[in-house]
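Listed below are the residues making up each chain.
2 protein chains.
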Amino acid sequence: MNVELTERKKKVLRSVVDLYIRTAEPVGSKLIAELPDMQYSSATIRSEMADLLAMGYLEQPHTSAGRVPSAAGYRLYVDELMAEYRLSLDETKSISSAIEEKMQKVDKMVEKVAKLVSQATDLPAISVASRYGGATVSRFDLILAGQGSIILVLMLSSDEVVNKLIKLPVQLEENDLKLLAALLNATMTELPVEEFNQALLERVMRSAGAGASLVPIVMEFVVDTLNRQGSTNMAVAGQMRLLGQPEYRDVDKAQRLMTSLDEEALSNLPAVMQNTNGTQILVGPEHVARELKDTSVVMTRFDIGDGMQGMIGVVGPTRMDYAKVTARLSYFAESLSKMFAKPEQPQLPEAGKEE
Amino acid sequence: MNVELTERKKKVLRSVVDLYIRTAEPVGSKLIAELPDMQYSSATIRSEMADLLAMGYLEQPHTSAGRVPSAAGYRLYVDELMAEYRLSLDETKSISSAIEEKMQKVDKMVEKVAKLVSQATDLPAISVASRYGGATVSRFDLILAGQGSIILVLMLSSDEVVNKLIKLPVQLEENDLKLLAALLNATMTELPVEEFNQALLERVMRSAGAGASLVPIVMEFVVDTLNRQGSTNMAVAGQMRLLGQPEYRDVDKAQRLMTSLDEEALSNLPAVMQNTNGTQILVGPEHVARELKDTSVVMTRFDIGDGMQGMIGVVGPTRMDYAKVTARLSYFAESLSKMFAKPEQPQLPEAGKEE
DNA sequence: TTTAGCACTCATTACCTTTGAGTGCTAAGC
DNA sequence: GCTTAGCACTCAAAGGTAATGAGTGCTAAA
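Chains as they are written, first to last, in my numbering: chain A, 103 to 457; chain B, 103 to 457.
Quick caveat, the hints were computed from the structure, so don't treat them as lab data. A quick note: this is a predicted structure, and the numbers were derived from the prediction, not measured. Do not rely on the hints blindly, as some may be mistaken.
Identical chains blur together in the list; that is why a pair holds if it fits in one copy or across any two.
Under the rule of at most 25 Å between Cα atoms (straight-line distance), these lysine-lysine pairs were calculated in the DSS-like manner [as the list claims (entries may be wrong)]:
| no. | residue 1 | residue 2 |
| --- | --- | --- |
| 1 | K280 | K266 |
| 2 | K280 | K440 |
| 3 | K210 | K266 |
| 4 | K266 | K440 |
| 5 | K355 | K217 |
| 6 | K269 | K440 |
| 7 | K210 | K440 |
| 8 | K269 | K210 |
| 9 | K195 | K132 |
| 10 | K195 | K113 |
| 11 | K214 | K195 |
| 12 | K132 | K111 |
| 13 | K111 | K426 |
| 14 | K426 | K195 |
| 15 | K355 | K132 |
| 16 | K210 | K195 |
| 17 | K440 | K426 |
| 18 | K132 | K210 |
| 19 | K280 | K132 |
Sequences and hints are given; from them, build the entire structure.
Below you can see the structure in the form of C-alpha cells.
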C-alpha cells in the first residue's frame, strides 16, 4: 500500500506520538506547529495529519478533535521513529543497586525481579523464569538427624540443592543409610523425570535392604522436585500502578485487564520466548489476547545460568513511553544476565555481613 | 453517656447495618418498615432512627437522605448485634480443599494463604507469619559434591532444613570435612544468633585445621539464616478486589489505600499479635493509620507449629459483611492450625502421586 | 507549496429544571 | 402515651439546553 513516508510526515507522526505519550490527550495541529523545531504552520501540519489519517497511522476520536496514533502508528513509531532514550546515571545506578541485593532462590527471585521492574517503570510487570532442559539429580545424600528423622539432600544437575526432612517410624542405622545412599547414587542419578516409574521403584526397592521403606518417599520427592524444576515460574507485580494511568481511570477496565493478566500472560509468553531475543514490543491488537486492545506489552529476555532463561516485561497503555520503558527494561535484563553470569563468586573469607 | 438501647432500637440499628452492608446505599425508614419481621410503620422507625442519629450510632449524608451506620454503630453491631454467619457445607469444603494442597515452605505458604483468604472473602488479604523464639542450628552437615563444591546442610531447631552450595578454591578431603563438621556441631549448635561474633569465629577457626577457610562462610550463612528465621514474613494479595467494592470506584481512593497497605499493615500488626487471640475487628477511625477512615480490618491468629504464629486478615470498606468475613476467616484459621498440628504425617510408602 | 482566514463540528462544561426518595413535624387514632 | 397517617419541605441525582472553545476542512491569496 504505502510506499514510503516523506521525512516531514515522519516528523509530524513522531511529534504526535511523543506528545500523546506525554499528555494522554488527542493532539491538535496547533500544538505541533508550536513545537520548537517545527518550521511549518498549523495549516500545513493539518494537511499532513490528514494524509497520515488516510494512511491509517493516525485516528480521530471525533470530527473536531485532535489526532491519536493508531496501532499502525505506534508500530511505525517503535520500529523507526522512536528516539533512543539515554538512561541517566541516576537511573542506571538505582536499577543496579536494586539488583545488587542478592536474590536467593529462583522462585523468590522471580517475584523480586517483577517488583523491581514494576518499580523502575511505574507499570505492572511480569517476570518469568523457566528451564529449557529437564534437570536431573546428580547426587543423593542421606543424613541421620536423630529421633528417627532423616534429611534427604538432592543435588541437581542445575547445581541447585534441595532437601527434605523425612520422619520415619522405622529405626535406621548410620550404616543402612550409607548403603542406601550409595544405591540411590548408583541407580537414580542423571535420570530424566520420565524414567522414574514403577519398574524402577521396584528394582531399587529389591536391592535396598533395611532402607527399602524409604525408597518410595525418596522417589516421590525426586519426581516432585524435578517436575517443579521443569515448570515455569512467573510472578506479576505492581498491578495497582495501572490505576495511575489515565486510560485506566475506568475501574472496570483496569479490573478486566488485571484479571486477564494472570491467565493471559501465561498463554502468550511461550510464543515470545522462542522468537527474537532482543526487546520485543507488542502493540494493541497485535496481541493474541482478547480484550487488551489499547494495551501494549514490552518484554525482554535475559540469561540465567544453568539452563534457565528469564523474561521480564511490563504491561501498560498503548500510549506508554516506549523509549524510556525499553531502555530501562534492557538495562535491567543486561544487569540481570551479568549478575547471573558470575554467580556466587568464590567467596573470600568475610563474615558477619547482612542484607 | 447512653445507658442502654431498647430492644427496638437495637433491632432497627441491626436492620440498618444489615441493609447497608447489602446495598451500599443509605437506608431509609420505609425500606426498614417493609422488612418481613418489622411490625412498625415507617414513621415509628423514623423516630427511632432520629434517636439513634442523636446517639451517634447513625449518620446522615444529607438532610433528605437515608441513614448510614457511623463507626460507633458498626462497633455496636459487630460486638453485640451481628448474627452469627453459618458457613454452608460448600463454603467449608472449598476452603478446606484449598488448604489441603500442601504448602511447601513457610515463605511460600504465607503468600499462598494470603491468596486463598483473598479468594474466599473477595477482599484484599494480608497474611503474616513470624516466629516468636529465636531459632538455633541443631545440626551441621557438610557434603562433598565434586569439583571443589561443598553442600552445607543446616538442621534448625524448628525442624526446618536449609542448605547452601559452597564453591571453594581449596581442595578438601572427605576426612577434613568430617572433622570440620564435628567441630561445628560441637561449638556452634544451640547457639542463638547473638553469640555468633568475631570471638567465636576466631576460636573456631583456630581449631579448624584444613577447613579453616570454610568457617567464615559457614558462619555468615548461619547468621543470615537465623536472622531470616526470626524475621517476619508477610504477604498481601488480591488488592485488585478492592475495585469491586463500590466505595472504591474512586480510583484515587483505592490507590491511596493500597499503597498505604504495604507499610501501614506492617506497623499495625505487631500490636494486634500481642493482644487478644480471637478474631479482631478494627472499624474505621479506630485504626492507628492515617487515611483508612472508611476502612475496616478483620483479622485472626492461627497456630503454626515450631514456635511460629500466623495471622490472616482482610481489608475492606467499613461496610463489609462482617459476619460472613469473620466466619470464613475463623474457619480458615482453624483449618490452618489443624493442618499445622499434624505436619508431615509419617508417610506410608506410596509413590508417584503428584500435585 | 505554504499559509491565513473562516465557517463548521462536536465534546465538554455550566446552568437550570424536574423528579423522587426521604425526612421532620403535627395531628389524629388506638 | 405510643403509634401512625398525612403533608410540606429538602436536596441529590437526572435530564435537558445553551454557551464555550478546541480543532478541523476548505478556499483563496501569497
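- Task: Measure nothing new, just compare the shortest in-copy and cross-copy C-alpha distances for K280 and K266 to 25 Å and report within, between, both or neither.
- Result: Classified as both; 17 Å inside a copy, 22 Å across copies.
- Is it within, between, both or neither when you check K210 against K195 at 25 Å Cα-Cα? Only inside one copy: K210 and K195 sit 23 Å apart there, 30 Å across copies, limit 25 Å.
- Between the shortest in-copy and the shortest cross-copy C-alpha distance, which are at most 25 Å for K132 and K111: within, between, both, or neither? within (16 Å within a copy, 66 Å between copies)
- Homo-oligomer pair classification [K132, K195; C-alpha up to 25 Å]: Answer is neither; intra-copy 39 Å and inter-copy 64 Å both fail.
- Query: Between the shortest in-copy and the shortest cross-copy C-alpha distance, which are at most 25 Å for K280 and K132: within, between, both, or neither?
  - Reply: Neither, since 83 Å and 81 Å both go past 25 Å.
- Message: For K269 and K210, with the copy left unspecified, which applies at a CA distance of at most 25 Å: within, between, both, or neither?
- Response: For K269 and K210, only the inter-copy Cα distance (22 Å) is at most 25 Å; the intra-copy one is 27 Å.
- Message: At most 25 Å between CA atoms: does that hold for K111 and K426 within a copy, between copies, both, or neither?
- Response: within (23 Å within a copy, 61 Å between copies)
- Go through the copies and call it for K210 and K440: within, between, both or neither, with a Cα cutoff of 25 Å. Intra 19 Å, inter 27 Å, cutoff 25 Å: intra-copy only.
- Message: Regarding K280 and K440, is the shortest C-alpha distance of 25 Å or less found within a copy, between copies, in both, or in neither?
- Response: neither (40 Å within a copy, 36 Å between copies)
- Message: I want to check one pair: K355 and K132. Are their C-alpha atoms no more than 25 Å apart within a copy, between two copies, both, or neither?
- Response: Classified as neither; 32 Å inside a copy, 36 Å across copies.
- Task: Check K269 against K440 for me: Cα-Cα at most 25 Å, and say if that holds within a copy, between copies, both or neither.
- Result: Answer is between; shortest inter-copy Cα gap is 19 Å, intra-copy 41 Å.
- Query: With identical chains treated as interchangeable, where does the CA-CA distance between K210 and K266 reach 25 Å or less: within a copy, between copies, both, or neither?
  - Reply: both (19 Å within a copy, 15 Å between copies)
Hints 2, 9, 10, 15, 18 and 19 from the list above are not met by this structure, while the remaining hints are.
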